[in-house]
Amino acid sequence: MTFAWALFIFNALNMRLFKCCALGALASGFVLAGAAAAKPVDFFTDVKPILEMNCVSCHNPQHAEENGKYRIDTKEEAFKPHKKDQRISPGHPDDSEVYYQTVLPLTDESHMPPTKSQAPLTKEECEVLRQWIAEGANWPDGVTLTVVMRVQFIRDIEPILEHGGPIADPAKETLRLWLSQGGAWPAGVSFPSAKVPAGLPVAPAGQMDFARDVVPILAHGGGLSDAAKETLSKWVDQGAVWPAEVKLGAAKGGAQAKDMDLVEQIHREILGTSKEQAVADMKAFTNTIPGTAVTYAMVPIAAGEFLMGSPATEAKRNADEGPQHRVKIEPFWMEKCSVTWDEYELFMYPQDKPETPADGTTNYMAPEADAVTRPTKPYVEMSFGMGKDGYPAISMTQHAANIYCQWLSAKTGHFYRLPTEAEWEYACRAGTTTAYFFGDDPAQLGDYAWFADNSNFKYQKVGQKKPNPWGLYDMIGNVDQWTLDQYDPNYYKQFSETVTEPWNKSTKPYPQVVRGGSWQDDADKLRSACRRGSTAAWKMQDPQLPKSIWFLTDAQFVGFRIIRPLQVPPAEEMYKYWHSGVEKE
Amino acid sequence: MNKQISTSPELTRRSFLKTTSTLAAAASLAPGVFAAGDDTLKVALIGCGGRGSGACGQALSTSGPLKLVAMADVFKDRLDSSYNDLKAAHADRVDVPEENKFIGFDAYQHAIALADVVILTTPPGFRPSHFEEAVRQNKNIFMEKPVAVDGPGIRKVLATAEEAKKKNLKVAVGLQRHHQKPYIETLKRLHDGAIGDIVAMRAYWNGSGVWVHPRKDLEQKLGRTPTEMEYQMYNWYYFVWLCGDHIVEQHIHNLDVINWVKQAHPVRAWGMGGRQVRKGIDNGEIFDHHYVEYEYPDGSRLSSQCRHIEGCWDSVSEHVQGTKGLCDVSGYRIKGENDWHFSADEGKDPYQQEHDDLFAAIRNDTPYAETLEYGAYSTMTAIMGRMATYCGKVVTWDDAINSQFDTFPTVLGWDAKTPTEPNASGRYPIPIPGKTKSF
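Residue numbers (the numbering used here), protein chains in the order written: chain A, 5 to 589; chain B, 499 to 937.
Just chain B, same shape as in the assembly:
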């Protein structure tokens, strides 16, 4: 548990949590978060997609009095269907009058104002600014991973997270493996030295890819030609400024586990990637595969693969090799001197657990700062990988985190200019390794 990070002093500055359980250390307790005389927590949902609705449902399933009071999205139909689903599942805890349903790019500000706890589940490109606003308004926060898509975003998130800590706000990041019993048990053993020093790591998110929302569907839905901004927001997965590419949006989970195992983040990365198969008209600008080699401070290396191509070898998993054995981290199995396998009854849903833990921290006023523990660093690890595959060169951690490469639009609005625009045949510029500057 208290194993020291054995490398450069620089690392000791990192705020990685050295235990696998939630923070229990004593901290100066700030005044309670509740309005006087009432312990009902008011929740606002910012970003009403499938995951946002799911996260909100989990928040509403925690114990203690609470209610959903406000919702925000840029698309009214998404908000309405989310409201209906939540109302159907949690009738007595959903209390969102029409005037508290906010639509538009600035909707989040209004919804945040009405709540004690906010759920930030828009596409990740918006996370830094939404997080900043929520902390400015002194709210407790659940935000989905990833927490940013570029260097400037990460710097804003880190600064905001420090501010949140000062204000004693509770901040959770949706990397639910940290709340999953078998992972916690496995990591505990690794940190206790069950397989000795960990010298090599592998992580995968190889799958078939995710949804595509074609431009023609949106056009049919609207009954007119959508603006470019409307289209990119609707089909957000395929644009870096919104999604970060799938290495950031999905593979972050596996990279996060390796950082957790190593109690550190990588110092350098290099890799390769491209668009081999998934290059349809609605597949935007992102790659369909990335291979990245990450170097950790102790010189050990992580080989990381993520792929969105159908019909190939698929795996979503993490594996590490130590001086005394092997661990299938995602299979919760250790082989070697200390053979072990997690066996227990069906565990609790980690997506529920992460909300149970956050709301318990809010109600009991215990410190909760997952952004600083791992959320921001795991996000940055994934962004660094994308930078490496896009440019084809070596990227150091300092280069990556200090990157001035800002992907976000200068102005938001349905008619505003998007950071990337299609050519006459509807195609977007694609990064070219060796030529593209990515950080």
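Isolated chain A (complex conformation):
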């Protein structure tokens, strides 16, 4: 192992420790840990692996010159005297550099392994070295050490399993090494799609059978039992036979697997809670967010067909609003007003749980809701002093709005999501074909909307103006509303026949569609067909790198409202709605 390679491993390990929740499994996957103090240490099982994995990569014949002129690959070299202190002074660990340099402060430049390039030894490993030297530093004659890599599951093992059989000899060696180092496999990583084709020959008695014995272990994944490790060891010892017919597919790993598990839980909860099955069951309702006094109201929107976009004759019309095309929409409820800070801050600040439930219920917070990721704290104050109680929430990314929907779904047992752009326009038009849902004359706009002419430079409380024909308030003006779609000015051009529930799925972070116009906008931006795409400038003043995936520093005009489709989709589709955004820039 070259010096640079050791460095790479350390970097990779650190990156993962930082980003991966399965770090416990990664950090403590060594069999020797913990066994140290109880019985005398054994050179082969306890000491040799530590030296081979941490020291020999530099202290070997090739690299000794630039590493203190010290080799630790043979007994003769390892015990050579050096200055006042011995490298290894049998019986005196505190006088032995090989031990005491491992327990120096990390800032000490003599610390070994070098802190700049390698991870320090664990306390247990240091203790093994101490005890070994204290017990006389037994090193059987003739034993030579070689570099041994520290195997990591995600870097070293997962690619082998994903590649599948037949397994090459170096890969077999890596598997063997991994198992000998404890076979650590992070929880949450598995190959659930592992399928064994029928008709595979079964291995003879006494032999491990790949399909029968190994595949179930791979399908189960992380957190291997001792029995499973034993099975894998035997299988590797017998040649790691892997029939070419068996493919595992990509591992369902780490964070994404956890997210999907959570969505499946929420999905089950929703199926148990949502009673409405038919259009006839759809009534307007007001719901209290469990555990709080905060309510939100939902209005039923019947299924139907409409003409999306604007005619070329519409005043101030933009080219991206055409051609007009017929769209069919399934039934849903839509939130009567846009989401307020009262609602949104419950999601932002999960630690604000009341001591006793305000609504008298006992199960005031579904555990699934607790498991939904929450926004990091915004650096600046995100209402920009425009008011909180009863005012619309703003400055959230589309991703944050999506995850709010997931959180509220988990809290309430209803399936909520953002509307598609088509659903939004359908609900906004409410059966009308004019520029605004009240007609074509912007002079009436002040009765229905807050916009540049009447907003006094800020957003206003929700629900104060007249609603649209279907009972939706502030559907235009006040704050723009997130939809699920990627903005594409040419998106409408592909539709010649009636299209059902179109959704332009996102492939990049910008632009995403917002609709409705805001308190900052002039009248023409509030037209039912007017479209707007998000830009990177909406995060311009985020001083951090990477920029927040939750907050927009420069979009004091963007909010959202939620919908609840009558038809509850399968869990996989829920996952797609709630993770529709491509927020990572």
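Among the hints, a few may not be true.
Straight line, CA to CA, 25 angstroms or less: simulated BS3-like cross-link-like pairs of lysine-lysine [to be verified]:
hint, chain 1, residue 1, chain 2, residue 2
1, B, K777, B, K891
2, B, K719, A, K381
3, B, K719, A, K127
4, B, K665, B, K654
5, B, K665, A, K529
Note that these hints are calculated values from the structure, not bench results.
Small disclaimer: the values here were computed from a predicted structure and weren't measured.
Chain A is already provided as a structure; the job is to place chain B on it using the hints.
Coordinates of chain B only, in the frame set by chain A:
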């Protein structure tokens, strides 16, 4: 623009810039900063957190040849993720070989040595010593606000800034409102007398607070019990010697704007504060609210609020009242005889602008000394406010700036003693107004 400060002569000694634009005055030009024959500026990043990485990205987005050559942090994982983010965003301008990635408490010295321009973005407690080292090594500097957390720190920064000026080094301080077009336009009008004499001021940073990095997370990350020093460095916001309390770390922005409006700093302060809500095991020793009344040399007063409590009235803003009208400074709006509102297309990102201005000054060799113009004084204003809320008494500017109360540890190291230590239940001593000595 040239409005004289109308009060005590003491103030005329202050080096407040009387204009709102960057320095353009003639000055004796020192030799260029570039290595002969090459105008590529080499940049080093000291402190690789989210803001440091952001500032570095902005530096790398300025025009003219430059590259990032060295990085330093105490935490290797922070450095590595910062490197990866910067590399992804500015591949052709990031050239940091492994040997130029320095880890540890002395890492800054090595990284500074390799650069022409250094970005100092560690927690603010380190700023005075890092600034001193950068000037000792004759480097140009961008340093984040605040520039210190206590009196001894400020004195060191002021002395170092004078030294930097003598050496013709360019020094920027991350108070980006000074580079934000609408602020500049608003201040210009105030200084031109648009609302007459300014007789009352208000400033707020009321919000929900910032991140918390729990001890148990660090323990899980390390796989062992962290040392107290490791924990405090990891959760630095909640310790005065590192952060200065949020009045210093965040509210400085608003206090700085009022100083800018008044072209002066306060002479006295008194106030109150405490920990009412945010007192979890990982909330260290700082307050969650401060209210300070500051008196300026002309007798006018600033009432200043900052709060880190969720679910309350929030505002991050500055407002001033004059004899002829009102100004919502942060809203860029003047009401009164001279009604005015800033209206323009989307302005430029001030975080980018502050780097554009610094690098232009470096390349054109024009004077640049934001520490002396306002950085050090605005920092001191905020520190004085904290001193007032911690002790509950009147604090004068001279008391504050001459304070011998040094918060910094005598020795740095992962096993070194921290300036404050938890008791058996993991709690830290909290200042008690009326009893605590804070300056």
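List, from low to high, the hint numbers that the structure doesn't satisfy. Number 5 - this is the single hint that the structure violates.
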